[in-house]
Amino acid sequence: MTTEAHTESTEATAPSGINLTDVAAVKVKALIEQEGRDDLRLRIAVQPGGCSGLRYQLFFDERSLDGDVVSDFDGVEVVVDRMSAPYLAGATIDFADRIDAQGFTIDNPNAQNSCACGDSFH
Numbered sequence: 001m002t003t004e005a006h007t008e009s010t011e012a013t014a015p016s017g018i019n020l021t022d023v024a025a026v027k028v029k030a031l032i033e034q035e036g037r038d039d040l041r042l043r044i045a046v047q048p049g050g051c052s053g054l055r056y057q058l059f060f061d062e063r064s065l066d067g068d069v070v071s072d073f074d075g076v077e078v079v080v081d082r083m084s085a086p087y088l089a090g091a092t093i094d095f096a097d098r099i100d101a102q103g104f105t106i107d108n109p110n111a112q113n114s115c116a117c118g119d120s121f122h
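Once you know that position 35 of the sequence shown is 35 in full-length UniProt numbering, the rest is easy, because the numbers rise by one and skip nothing.
Hints should not be assumed to be uniformly reliable.
Claimed, not checked - Restraint-style ranges between C-beta atoms, simulated for each label pair:
| id | residue 1 | residue 2 | range |
| --- | --- | --- | --- |
| 1 | A89 | L65 | 28 to 34 Å |
| 2 | G36 | I99 | 27 to 33 Å |
| 3 | R82 | Q34 | 26 to 32 Å |
| 4 | P109 | Q57 | 26 to 32 Å |
By construction, these hints were calculated from the structure, which means they are not laboratory data. The C-beta atom is built at its ideal place from N, Cα and C for all residues, glycine as well.
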């Protein structure tokens with residue numbers, strides 16, 4: 001399903017409700033190519049921990065778990081486990097490469113509060 005709000009972008013909303021920006025998709029593709037494997041997917045999970053109660057985990061994974069929600073963004077597969085999916089509905093994953101910030105970022109409308117480090121939420 002492609003959103004029509006941004007005509008200059010091909011960002012899509014996945015069945016899981018997660019959005020992966022074009023910039024993030026390009027970065028994920030490049031990182032997977034560096035690994036030299038074609039069986040890896042980006043897994044996004046929410047785990048207990050951090051100073052606000054929950055924290056994000058982003059990592060490459062070849063596993064398929066029961067109940068996984070798999071979304072495809074122009075050839076980049078994003079996987080969310082069934083327990084994390086409700087916490088990540090509507091979240092946007094982006095990649096920043098600026099002097100003041102570098103790395104993947106998650107803009108999550110479900111996060112009521114987040115800590116100063118930006119690593120955890122509740």
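Q | Index of numbered hints that the structure contradicts, given in increasing order | A | Hints 1, 4 are the ones this structure does not satisfy, whereas the remaining hints hold.
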